[in-house]
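Both chains are given apart, each in its own frame, so use the hints to dock them into the complex.
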Amino acid sequence: MSENRPEEKKKKQPLSDRRKFILGMARGVGLAALGGFVWSAYVDEVTASQLLLRPPGAIKEEDFLKTCIKCGLCVEACPYDTLLLAKPGDHKPLGTPYFVPRDIPCYMCPDIPCVPVCPTGALDESSVTTDGKLDINIADMGLAVVDEESCIAFWGIQCDACYRACPILGEAITIEYQQNKRTGKHAFMKPIVHSDACTGCGLCEKACVTEKAAIHILPRETAMGKAGDYYIKGWDKKDEKRLENAKEIKTTTEVSKQKASDKLNGDLLEGLY
Amino acid sequence: MKTLWNNYRYLFLRRFVQISLLVLYFGANAWGWKMLQGNLSSSSILGVIPMSDPYAALQMLAAGAVMATNLLVGVAVVVVFYFLIGGRAFCSWVCPVNMITDLANFLREKTGMNRIQGIKQPASRKIRYWVLALSLIISALMGVTAFEFVSPISMVHRGIVFGLGFGWAAMLIIFLFDLFVLKNGWCGHICPLGGFYSLLGKFSLIRVQHYEENCTLCMKCKKVCPENQVLHMIGKESLPVLSGECTNCARCIEVCDDDALGFSIRNMAKNKKTGE
Chain A
263 MSENRPEEKK KKQPLSDRRK FILGMARGVG LAALGGFVWS AYVDEVTASQ LLLRPPGAIK
323 EEDFLKTCIK CGLCVEACPY DTLLLAKPGD HKPLGTPYFV PRDIPCYMCP DIPCVPVCPT
383 GALDESSVTT DGKLDINIAD MGLAVVDEES CIAFWGIQCD ACYRACPILG EAITIEYQQN
443 KRTGKHAFMK PIVHSDACTG CGLCEKACVT EKAAIHILPR ETAMGKAGDY YIKGWDKKDE
503 KRLENAKEIK TTTEVSKQKA SDKLNGDLLE GLY
Chain B
169 MKTLWNNYRY LFLRRFVQIS LLVLYFGANA WGWKMLQGNL SSSSILGVIP MSDPYAALQM
229 LAAGAVMATN LLVGVAVVVV FYFLIGGRAF CSWVCPVNMI TDLANFLREK TGMNRIQGIK
289 QPASRKIRYW VLALSLIISA LMGVTAFEFV SPISMVHRGI VFGLGFGWAA MLIIFLFDLF
349 VLKNGWCGHI CPLGGFYSLL GKFSLIRVQH YEENCTLCMK CKKVCPENQV LHMIGKESLP
409 VLSGECTNCA RCIEVCDDDA LGFSIRNMAK NKKTGE
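Sequence order for the protein chains is A and B. Its first residue numbered 263, the first sequence is counted upward by one per residue in our numbering. Its first residue numbered 169, the second sequence is counted upward by one per residue in our numbering.
Next up, chain B with everything else stripped away, as it sits in the complex (with noise of 0.2 Å):
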């Protein structure tokens, strides 16, 4: 039992925040609960602390909006809370899409569907950015949020919130594209939100740091992590991970035996490299 939680505690943990914001979400419209109205693309926390999704709100700049004060509030609240704890750590661990993508990739592991395609992956990670780029530049020439009449996360969680109708379909689609097309292909690959938060991730705060001296080479995190190109210091050097492609999922930490990984604040971590 003890392992159990050693080797999945920051799954467990990550699917309890996942799960208790839907539930916190769900209760607004169902209950009438105060803790957190809305959904993901803009909420309140009760009914004081507004928070927007940036990404939302830099489509709507493109689209031409007018910014009310309030959104561009929620903005801020959101953009300094990722900045603090790692941009995609929103993929991770509040992210809805995250338990669909991470189903499909367990399967694959199970299945062995990795294994009929090889090693190396036919796409690059780089999309994820033209898609950012290209929804802005859609935005500003159609004149709404381009976006956010496609996105899968938003329908997903709006679904589950509000009701889904045929948002199941989305659901479907993106289960079966990770599990049949690409190996992490929405998340790690096209989805252009989690490309936002790669940006604004590249200044956060909480870093997985490796310490090279414990490491056994083992290379299990590199193959548990979803963006393990991030993890390109394995065994080599004691550096943080300073990608802001990392999702801070941490399952390179409970993954490893050895104690080579572990979270750590940027700077903290820096100093005490320097001070070696």
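Bound-form chain A, shown alone (with noise of 0.2 Å):
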């Protein structure tokens, strides 16, 4: 090709064998990158944070995303229909499964059927396993809550419906008896959820008598705080023994070096000099 030719011509030569395969290479690749961010942003989006309740032995919440392969074993081996599985349109993890339990709560079965059938270990059995037995009564699915301002025990009115529907009956939840200084003549029976003993089933959700739920499940990482290591309970050795493993905390503020008598005395100083 020489230089001398008008550029007219060089418009309407073949593009050459070369340019066309690094032209359609970088067609693809552009278009790979133009449907990949749309795809990732999809799939960011569906797989979002959920206020979502898992069956029994599930895996944290991010390597569940990952590991669970959709089969939906564990809503077939489910015999109270506790599970679904997040169908297009429930605006959940799309195909995993979840429980409402207002709806169905989960009966807690001892042999719980739902977390051996899991083919991909999303249900890990080990989880809910003690002493090398299935133990229904250490899963975690959730933590129950309760609205102090719409339960009505609170108010006054003797209730103690989600205490009686506790599986695990005068642990997971207790009731505290307390003076009612309104009425200055009855008791309050406040329900207490233990979250060391509550395992998030439901069923008191299930068994509340208002007419939305006034406990209710939570998963347990929106539930429940933290307090860190910077404090410990007073009057509890117990506690102390927490924070054995603690590590210092080293700040990275730079101190001043001038004393506090310096700036107090700064003006007057100057004034003197």
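If you are wondering where the hints come from, they were derived from the structure by calculation, not from laboratory data. Cβ coordinates follow ideal geometry from the N, Cα and C atoms, glycine included. Treat the hints with care, as some may be off.
Computed far set for chain A versus chain B, every beta-carbon distance over 10 Å [said to hold, decoys possible]:
no.	residue
1	Q312
2	T515
3	Q520
What follows is a list of derived Cβ distance ranges for each label pair [what the hints assert, rightly or not]:
no.	chain 1	residue 1	chain 2	residue 2	range
4	A	E410	B	V245	53 to 59 Å
5	B	A308	A	S389	24 to 30 Å
6	A	L313	B	I284	47 to 53 Å
7	B	E380	A	A310	53 to 59 Å
8	B	A308	A	Q440	53 to 59 Å
9	B	I284	A	E387	56 to 62 Å
Here you go:
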């Protein structure tokens, strides 16, 4: 191709094979990037953290999303039709199992049929096993939370529906007796949930008598705070042990080298000299 | 009646297999049947033999999931099975989306939709391998099984077994795409699961064999084939269809009036050829 040829002729030259190949590859990569970003954005949205209750033995949500193969074997194993697979339109990570306790709670079968059938280990048998035996009482599906504003027991009405419904009676929910100062003559019988015993089965939420349940199950991640390593309980030797392995926290704030008195006397000294 | 059977025998068989599998899966969830529990992502036969989608497992691997033994055994079962009967036999004999895209294709033919777009297809059949690679990259980067969250195959199948929700929209999208946008668009161009089984099917045993000496060059087989690039040997050479993109749907076999096509086993066909 000589350089003297006019521009117009150059344009009509057929593309060389090399250029065709490079353009073709560039187009492929570009389209893949285009599709990839749309696809990633979609997947990121649909897997965004949800207030979702998983079957017993479910591993951490982040790992669950990559490990669950969405086969529904746990759903089929559940004798109470508690578990559902997220359908398009449910606005939950598509195809993954969940349950809605107010509709059908987990009845905590002692043989936990939903867990051993999981082919991928997204439902981890070892997390619901003590001493080589399946033990549903150590499951951590969620945590019951009481809304004290709408719970009628906190109004002074005698109701212990959630307490009676709890399959770990007297451990996961206890009743606290307290004087009702408003009437001066009666007692409150307040339900108190204990996170160490509560499995999040939702029988309490199902049993709750208020129009919309005043006790409801939240994922533990959402429901629970964490005091961290800064605080220990006073007068509690056991709690000090919790911090035995705590690491020292070094701050990086620069501390002024001047003494406090320097600052206080600054103006005075300036005036003197 | 006899000719009807002769002309559509494999179609009947395929529909029978596809629908029976759906009924078995559906029955497992609805009535507690034990024959075939789960869905196409992972299932178990009689509660004993595990089966798992190898492509889903591959995405899990890319996403960094811990692979359970049960899953790996299930993957091995499926890989060996499709190694024997042809990788993309899944597409034409098992996958429920096949019925949707076949319907779209049937309507395209009947309404003359094919003629307004001309013969040349505006998209490459290699797209599926790009989508396959892309799904693994996204799985690795985002730590989730990328295709499993968008897969219309799982959506349709899960929908039929466990409740559809808005899954009908996924069916409709594929149907409209195949009908109005691209002939054999989803199954023949885009689906990465088909792409995956194409790669697996390169090595599989059961093949469609062409007998050139019987061929009268009517080209009905090429017209009916949803992946007609695999039939490049028609009327030229007696060869087995070796491309993994062949779905072993046998449409070419039943449409052929001259016994120029039939199923064979890979190496036996080869020996016959060298023996001739």
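Was A:Q312 rightly flagged as not at the interface, with every chain B Cβ beyond 10 Å?
At about 13 Å from chain B, A:Q312 clears the 10 Å cut-off, so the statement holds.
Given the hint of 53 to 59 Å, is the C-beta distance from B:A308 to A:Q440 inside that range or not?
Distance hint for B:A308, A:Q440 holds at roughly 55 Å.
Does the beta carbon distance between A:E410 and B:V245 stay inside 53 to 59 Å, or does it fall outside?
holds (54 Å)
Determine whether the non-interface label on A:T515 survives the test: each CB of chain B must be over 10 Å from its CB.
holds (35 Å)
Beta-carbon spacing of A:L313 to B:I284 - inside the hinted bounds 47 to 53 Å or not:
For A:L313 and B:I284 the Cβ distance comes to about 50 Å; the hint holds.
Beyond 10 Å from chain B, beta-carbon-wise, is A:Q520?
holds (50 Å)
Regarding B:A308 and A:S389, is the given constraint of 24 to 30 Å on their beta-carbon distance met?
Taking Cβ atoms as reference, B:A308 and A:S389 lie about 26 Å apart, which means the hint holds.
Go ahead and decide if the range 53 to 59 Å is satisfied by the Cβ distance of B:E380 to A:A310.
holds (57 Å)
I want to verify a distance hint. Is the separation of the beta carbons of B:I284 and A:E387 within 56 to 62 Å?
At 58 Å between Cβs, range holds.
In this structure, every one of the numbered hints holds.
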